[in-house]
Amino acid sequence: MNRRIIAIFIAFTVLTGAFYACNKPNDNTTQNTDTFDKGAMLADYADNMIVPGYKSLQSELAKLKTASDAFVNAPSDATQAPLKEAFKNVYLQYQRVVAFQFGPAETALLDIYANYAGGIDYSFATAGQLTGFSVDTATIENNISSGTYNLATNSRSILYSQGFPALGYLYFAPGAAGKFSTNTAARIKYVNDVLSRLTTLVDGVVAAWPTYRADFIANTKTNVGSPIGNIVNQLAYQLDMTKGPRIGWPLGKASNGTTFPDKCEGYYAGISAALAKENVASLKKVYTGSTAGRGLADYLKALKKETLNADVLAQFDITISALQQINDPMSSSITAQPATVDAAYKEVQKLLTLIKTDVASATAVQITFTDNDGD
Amino acid sequence: MRSYYLPAAALLTLAASVTSCKKDKNTDPDVKAYTVPTTYNFGNANYTSSTQRIKMAVELDTYLKTANTGSTLVPLDKTKADNLWNNANNPYSDASLNTSGINIITPMANASLFKSYVDSSVIYNNGTTASQGTGGFVPRGTNKIIVGPRGLEYSQAYTKGVMGSLFFKEAMRLLASVKAMDPKDTATAQAAWDEAFGYLAVPADYDTSKTYTSTDANRPLLWGGYLAERGKSIQAGGIIFSAFLKGRAAIGAYDKTVRNAQADTIMAKWEQLAAASALAYVTSPTASSAIGNLGTQFHALSEGLGFILALQYRSANSKLSAADFTTLNNIIHKDFYELINQTGFTDLTTAQNILKNTYGL
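Here the protein sequences line up with chains A and B, keeping their order. When we follow this note's numbering, the leftmost residue of the first sequence carries the number 1, and every step to the right adds one. When we follow this note's numbering, the leftmost residue of the second sequence carries the number 1001, and every step to the right adds one.
Worth flagging that the hints you see were computed from the coordinates, not collected in a lab. Ideal placement from N, C-alpha and C gives every residue a C-beta, glycine not left out. Incorrect hints may have been included.
[As the list claims (entries may be wrong)] Under 7 Å between C-beta atoms, here's a sample of chain B residues computed to sit facing chain A:
#, residue
1, 1176
2, 1291
3, 1293
4, 1343
5, 1346
6, 1349
7, 1350
Chain A extracted, bound-state conformation (with noise of 0.2 Å):
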């Protein structure tokens, strides 16, 4: 009895291996045998940096609207130091959160209402004036002035009169506080409007992470959409951002070398350089992971990638150093240390190149950010 069994048991396994042995590989990408705990990363991910920085970012757009509110009603040097402080704080936590752009925050497209760039493909040379970090004034004021608008919608004018662009300009241009004693009502309005729905946009976020958390930490694999394919994406998507809205388009990098100082991240504020380097630290903290063993750089080791993920750390210490050199407000700088800022351009180069094209290479991540299909 007992050998029969064993004779079927044997039969069976060599069958199931002949059949196998039929099927011809097909284009699957093979995965990495590795055992690295790839689902123990992204709740860390989720749990220690995607939900607290949310979390966080909530509570300083608490603390902003209580400073906007002072200096709305009794607009002054007096009021406006404290809601500097309050909004650079803010602006720095939303540059702490902006790479977990996917599940939840593109889902309410968080990116595009908060701090709107008009797209890497967009340039000044070939769009005109409204690109990058630019704020529609003319469309702020015409809202202001009509009292109609509807800020959820996608055309670039209004995408350019709303978020963090749109509150530095009606809090720190030149003569904003002047502005709230004519139309003031209006102009009060048009500010809490603003920030109430970065305020609604980002408590949504926080409301779906604890839903979309299952799925994300239940996902490992890379390919497009999943969660370690979307922050590898999103790494090289704000280095991008950095390469050409952030530092290279106003340094002339788009334009043959023509300048636009007022197109710099947070320019009406003046933190464009705190802004840039909160930025790349904040990505190198998402590359390390929050806990040690359980970041992507953990990942890139256990991948045997030791001499790739040594690169990435030192080249990302050496950009966040030359993007400390920048002296704030960066408009100045790009005209007075015009060599600084583009010294720090040169390493943001050099650190997307092998976040956008070795990681991704490494992690057989598919860079999707890109209108490149090459038609």
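Since the structure of chain A is provided, determine the placement of chain B on it from the hints.
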């Protein structure tokens, strides 16, 4: 003693199963032994006319795209476009096409529509900045696209549309016709099979693991290119190419069962590839990295229109219902300015869901 029969039986079965790797087992006494090659190198294979039509369609596409270069006007000659459409007055740079005696129009469905797309590509190449209701130029990166008053990039609608209404449509028709043929009618079946294979536009030694460069004379074109561009995650390249090889081998051996199964596989997978492409192009315009970037958005939607049009030539076994096709078709024919400005992208989300749910994407 009894228990020894089992391993023996297992070995026999194993032997049979190993053989079946090469030779498809069939109870039909007429079926001859055959092997499936790894390249499409069948002795009497001939798909020249298919290849020529692919090259003709590509030359017209390439000509229309010359206008996209840079931000300023690059004129297009209507006569030249007409000649490329008609194969008149030796229009092609590949001289063998000029003397081929064939054109792209004859087997094309709805040719007048696609001719109007070609005409419009020329008409709206007018130096005007496009806006809703006004055709003209929309910047795309350092270049531009040429769109009509509703944002449709006509050159893409032509190229992707013809991929559907000529190449996909013909392949579906030919494969369905083979299925109905007598197993002994091998010459007719092989000719039809080859013609369908030619419309896939891959080299005879197609290799899914290879990255073909744009300068490789042997590179996959049109649908062949989309096997890798949009079909990787559904293994379209490997599955369709293998099925073409296996079915072609089966025809020569009178193996109707295998032949028909391969035809079904190709038709289903090719249609899923069209759907996957359409899905990508109705999704990418809604991504935050594309919003407000009209050039990127309209280009994608225009490609999407072509792939959705292709689905009207889907096989009889298609999973896509007539009602869902109508919904998709109505959405993609809306004003693109309207589609990209909708709050929540209601229509494009509807289209995405139909494609995802129907095709398991």
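A quick look at each hint next to the structure:
The interface hint given for residue 1176 of chain B is violated, since its Cβ lies 25 Å from the closest Cβ of chain A, which is over the 7 Å cut-off. Hint on residue 1291 of chain B holds. Least Cβ distance to chain A is approximately 5 Å, under the 7 Å limit. The interface hint given for residue 1293 of chain B is met, as the beta carbon of that residue sits about 4 Å from the closest beta carbon of chain A, less than 7 Å. The interface hint given for residue 1343 of chain B is met, as the beta carbon of that residue sits about 5 Å from the closest beta carbon of chain A, less than 7 Å.
Restraint check, residue 1346 of chain B versus chain A: the minimum CB separation of about 12 Å is more than 7 Å; hint violated. The closest approach between the C-beta of residue 1349 of chain B and any C-beta of chain A is roughly 10 Å, which is over the 7 Å cut-off, so the hint fails. Violation of the interface hint for residue 1350 of chain B is found here, the shortest Cβ-Cβ separation to chain A being roughly 16 Å, above the 7 Å cut-off.
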